[in-house]
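Student: Sequence:
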Amino acid sequence: MEEKEMKILIFSLNGEHYATDIRDVERILGYVHATEMPNVPNFVEGVINYENKILPIINLGKKFNFPTAKGQAEEEGAKIVVIKRDEKKFGIIVDTVYEVSDVSSDLFEEAPPITTAISKRYMKGLIKLEDRIVIFLNIKEILSEDEEDLIF
Numbered sequence: 005m006e007e008k009e010m011k012i013l014i015f016s017l018n019g020e021h022y023a024t025d026i027r028d029v030e031r032i033l034g035y036v037h038a039t040e041m042p043n044v045p046n047f048v049e050g051v052i053n054y055e056n057k058i059l060p061i062i063n064l065g066k067k068f069n070f071p072t073a074k075g076q077a078e079e080e081g082a083k084i085v086v087i088k089r090d091e092k093k094f095g096i097i098v099d100t101v102y103e104v105s106d107v108s109s110d111l112f113e114e115a116p117p118i119t120t121a122i123s124k125r126y127m128k129g130l131i132k133l134e135d136r137i138v139i140f141l142n143i144k145e146i147l148s149e150d151e152e153d154l155i156f
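In terms of the working numbering, the sequence shown opens at residue 5 and continues consecutively.
It is worth saying that the hints were derived from the structure and are not from the lab. Errors might be hidden in some of the hints.
[Stated by the list, open to error] Calculated cross-link-like contacts (lysine to aspartate or glutamate; reagent style EDC-like; alpha-carbon spacing at most 20 Å):
#1 57 <-> 30
#2 88 <-> 28
#3 66 <-> 149
#4 124 <-> 114
#5 83 <-> 20
#6 11 <-> 103
#7 8 <-> 114
#8 57 <-> 40
#9 144 <-> 28
Build the full structure now, drawing on both the sequences and the hints.
Tutor: Structure representation (structure tokens):
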């Protein structure tokens, strides 16, 4: 029965609930203004100093083409979630971090047919909780190989 449980991090972005596998998360940081870099994709906010290394910061709202206001993150108590992907790490800006939760795989459902092929790449599926539906992200697929080459 233990293998039917998943441990997830639930956070909000653009007013919706999202989650990722906690094993992909290294740390949650308070929001820090990133140093902007020239000639990077528009969803890259910039870089910060993280453990004496340069950490690229991704704005998921821009990556997902959500309408976002510049500077809004600082005012709303946003967080930076540090994602580890093999030896590479990057931060994602989220509006709020809610909780780390154990959920049963019975609550997990595949992405519905209405999602596009591109958005399916980012989604592992949906998690049905008692009071909300949480979009379960495939956080390791947020960046394409070409985007990784530009950023790292």
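Student: Run the distance test for residue 8 versus residue 114: straight-line Cα separation, threshold 20 Å.
Tutor: holds, 16 Å
Student: Holds or violated: residue 57 and residue 40, Cα atoms, limit 20 Å.
Tutor: Cα-Cα ~16 Å, so holds.
Student: Assess, step by step, whether the Cα of residue 57 is no farther than 20 Å from the Cα of residue 30, and give holds or violated.
Tutor: Holds, at about 14 Å.
Student: Holds or violated: residue 83 with residue 20, Cα cutoff 20 Å?
Tutor: Holds. Residue 83 to residue 20 sits at ~15 Å (cutoff 20 Å).
Student: Hinted pair, alpha-carbon criterion (20 Å max): residue 88, residue 28. Please report holds or violated.
Tutor: Within the cut-off at roughly 6 Å; holds.
Student: Hey, residue 124 versus residue 114, does the alpha-carbon distance stay inside 20 Å?
Tutor: Answer holds: residue 124 to residue 114 is near 10 Å, not above 20 Å.
Student: Run the distance test for residue 66 versus residue 149: straight-line Cα separation, threshold 20 Å.
Tutor: holds, 18 Å
Student: Does residue 11 pair with residue 103 here, judged by a C-alpha cut-off of 20 Å?
Tutor: With Cα atoms ~10 Å apart, residue 11 and residue 103 stay inside 20 Å; holds.
Student: Quick one, are residue 144 and residue 28 close enough, alpha carbons at most 20 Å?
Tutor: holds, 8 Å
The earlier numbered hints are all upheld by this structure, with none contradicted.
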